[in-house]
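Peer 1: Read top to bottom, the protein sequences are chains A and B. Here our numbering is used: the first residue of the first sequence is 1, the next is one more, and so on. Here our numbering is used: the first residue of the second sequence is 478, the next is one more, and so on.
If you're looking for bench data, these hints aren't it; they were derived computationally from the structure. Hints should not be assumed to be uniformly reliable.
[What the hints assert, rightly or not] Simulated crosslink set (SDA-like; lysine to any residue; CA at most 25 angstroms straight-line):
| no. | chain 1 | residue 1 | chain 2 | residue 2 |
| --- | --- | --- | --- | --- |
| 1 | B | LYS887 | B | GLU583 |
| 2 | B | LYS838 | A | VAL83 |
| 3 | A | LYS310 | A | ALA325 |
| 4 | B | LYS887 | A | GLN460 |
No experiment lies behind these values; they were computed from the predicted model shown.
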Amino acid sequence: MVTEEAANRESAAGLWCKSPLKLLFSERETFRLARFFCAALVAVSCLVVGCGSDREFPSRPLTLICPWSAGGGTDRIARQVAVQLEEELGVPVNVVNATGGGGVTGHSRGALASPDGYTLTLATVELNMLHHRGLSAIGPDDYQPLGLLNRDPAALFVHKRSDWHSLADVEAALAERAEPMNASGTAAGGIWHAALIGWVAQCGLPSESVNWISINGAAPSLQELMAGGIDLVCCSIPEARAMLDAGEIRCLGLMADERSPAAPDVPTFREQGDDWSLSSWRGLLCPHGVPPERVAVLEAAVDRLSRSPKFAEFMDSGGFQTSIADASEFTEFLSRSDRQFAETLGSPAFVQSQTAVVRPYFFPICLGILGLIFVVPACRSQAAVATEPSVAEESDDSSPSRWIRPVVVILAVIAFVATCETIGYVLATAVLMWLLAIVFGATRRQTVAVTLLAAPLLYQLFARTLGVPLPWGWLGW
Amino acid sequence: MVDIGAFTEAAAQVFARGDVWLIVIAAALYGVFVGAIPGLTATMAVALFVPMAYWLDPIAAIAAIITMAACAIFAGDLPTVLLRIPGTPASAAYVDDAYAFTRRGEAQRVLRLGLVCSVIGGIFGAIAMMMLGGWLAQAAGWFSVTEYFWLFLIGLTCAVIVAEGPRSKAVLSLLLGLFFSTIGLSAAHQEPRFTLGIASLYSGISFIPAMIGLFGMSEVLLNLVDGAAPAKPRPPVESALQRSTHSLALTLQEIGDRLRRRKMSTLRSGGIGVLIGMLPGAGCDIASWVAFAASRRMQQKAPTVTGDEGEVESQRRSLDSIGDATTANNASLAGSWIPALVFGIPGDSITAIVIGVLMMKNLTPGPQIFDEQLPLVYSIYLLFILANLVLLPVGLLAIRVSGTIVQIPKAVLFPLIVAFCVTGSYALNGSLFDVLTMLAMGILGFVLVRLQMPTAPVVLGIILGGPLEERLVQSLTAANGNIAGLVQRPLSIALATLFVVLVGSMLVESFRRRDRQAT
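So that you can see chain A by itself, here it is in the shape it has in the complex (with noise of 0.2 angstroms):
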């Protein structure tokens, strides 16, 4: 209360300046917006924090990084997870679909989140394979696992009008093709890449006998199939469950030891004579450096979760494959895993099926021709219009002074990216607020109204109406 005080006598003697360029060079309206600003965002903090001292872990919102875009296989595992983990931990489980770059964005993000236990990636097999393919510095030793709960293993299918009924018919027109077959199943370099290089290899065919396109994700691949672009798709059986159960394509075969449960009428490339199997995985992981005890309680609360029936009962109807171990047998896992994909990722047959036939710098290359076309009728076009009076030109105030204040708004904003994780988003953006009310001449009282009702309102909006995770930072939000 006795910093209201201070702040209403503050505003009752202080002289408003209108003129926002004089404000900014003046240095006693500056220091005593200043201290005046200081004293209501302290009186406005007691009222509505409270104290946020830090209690038992987990006292906040938790975050759970998904690589992958929404609407998704894991993008749907993970929304699963982060509601039964919202029960199991009593605080709320925030999904962040970090995507791009192939899984590189998300996984690097989530290894490089502070190790406070509040950040939580669900990882997937693209953790194995980016670092040794040079894409990504992160790999699983970057990662303390907390439990694996799912895998899939790859699959070949093929359209139900294609002449194609075994592995063994594959395999042999793979053998006397002079033309290579294409297929796909997602992006060049990917998993189930991977998986059926690895398999074409295993049978003592070249490599060259199969042409991977470059398709990002299983569902336009099928499209793909169906429109007759392609040959044979190579993905999960989740994936492309739809057009099995309609019958428009075919599975000829699951890379496993063991039939799936999803489609147990599917055999399995062993059974078709074929020692070769390769599956994806997703497990929840947290960053190396996080405290033990906090560990523990994550550990737990995963284990309770992977193993409750209601996620069993998730993951069956999804068509999803459950395999569920806990942080020991996983970190095991992920090793034995990586060391298979060195070997797999580095053979001869992965490197050499991944030249392109198109270069990486091509399309860049033609945009720049026709950049270069089309740069002089259109400074030629420029030369015609300027003779017209512009209207920047009609602004009578050609002083350089107008140019300071779109540098102090993109500073503002720079000086907010670079501090808003250190002192939270509240604070930042009220601080940025009043600058800009500065600087677009706001009066006293709107400036007020601005900084201290804009920034918790955003707040309020973002973090809690639609559950944005937002910068956390001294003050609790």
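Fit chain B to the supplied structure of chain A, relying on the hints for placement.
Peer 2: Chain B alone, transformed into the frame defined by chain A:
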């Protein structure tokens, strides 16, 4: 063709249940709310809802998702029109045209028209889906990557056609956008390009922050430099209110007029929307660009009027185009359900989530759903109609409330816009790097506007660049590097011809214009 028994069962399930109505209304409010916030998309609104879908029965869950998507796509128009920040990518096509009305104080007029056209588009889409669902799904199945390549090229040509000013500048803007799309780990090659060793650039330039920056942030910066003069008097509150009530009658008249006068173009835009919606990966944003361009193209054939009447005429025309674009983007929402239901292939990211939800309920999308679950399929169609009917009152309410935004003094509004730009671009991926992307694009947008280059093609370039390059590389790989592979199938030849005709007519036209200027 329509099974009456199943249809009545579906109607009973949809319209006779109180809880479905409640859920639809709640979802409509939520959808409008999320869609109106820049940075939050219709997809995100639906994704955030998935945990709740677990507790609902299939009809209620689908009702909620359909309503959310329809309302969020409409609500994307609110910040587009009022603040020049597209709320969802679907609104980016007409951002400049719509904002011009706001500058004249006629924001409500555009919004109401957009709302009515959205509702019409949505209902048209639902009816088209009901009539042609099975057949259209088969047609979508004919499209291989090569056809997509041509389709995306046509989409990009549309961005050049609709852009204001010299074509060469629009092409340059487009190329700039396409270049931005190549930054990051190339999906086709899995090789990092133009990343300068920055890890955050591996995932490329995310287009939602880019869009917020190009339109929203740049507007703030432009205002600081050019429109800063505080001497510019704002219209007094009283007259602004008068104008808004006056224009309510006007809009009603305009909407009635539109319904009579533009039956064919509504049909055309709805058709474009449904057709594009059902192609996987080509969602409502492309539908809205193509419909907008088609609408512009048709208008160019009409005689031009000069003088004061000419201005009224050009306003009317830009209203017509905006209406056509909003019709198409809502119609495409229904279209995207067709491949999802028939093949289990998602038409866009929303239907991808829907497939997940359906499977969670033990309902597997696929051709057999039309045999075994026909009432469910009909309920989905009917839910589309219901959702769009609910959108009308909810949307009017939202327009009414958002109308107050224009009354807020600039000194308060602009800091708020910046805060929204910053928070909105952070919200999508929770990444501070996206905030910097937004800022950089804001500065770029500022520079482009000062160079009198259009900003909208940059956005479309960023959105379509990745898929375009991927499809090109895929087509060429499938043909073993032979460029003739791009025109081997009848459908791809047809699309390629359409593309050549579009570009050719554009070139001829600009030569003619130059000749006319020279004489």
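Peer 1: Next, verify each hint and record whether it holds.
Peer 2: Right, here's what the structure says about each hint:
1. Taking the CA atoms of LYS887(B) and GLU583(B), the gap is near 18 angstroms; set against the 25 angstroms cutoff, the hint holds.
2. Between the alpha carbons of LYS838(B) and VAL83(A) the distance comes to roughly 17 angstroms, so the proposed pair stays at or under 25 angstroms and holds.
3. Between LYS310(A) and ALA325(A) the alpha-carbon distance is near 17 angstroms, which keeps this suggested pair within the 25 angstroms criterion.
4. Proposed proximity of LYS887(B) and GLN460(A) is supported: the alpha carbons are some 23 angstroms apart, at most 25 angstroms.
When each numbered hint is compared with the structure, no violation occurs for any of them.
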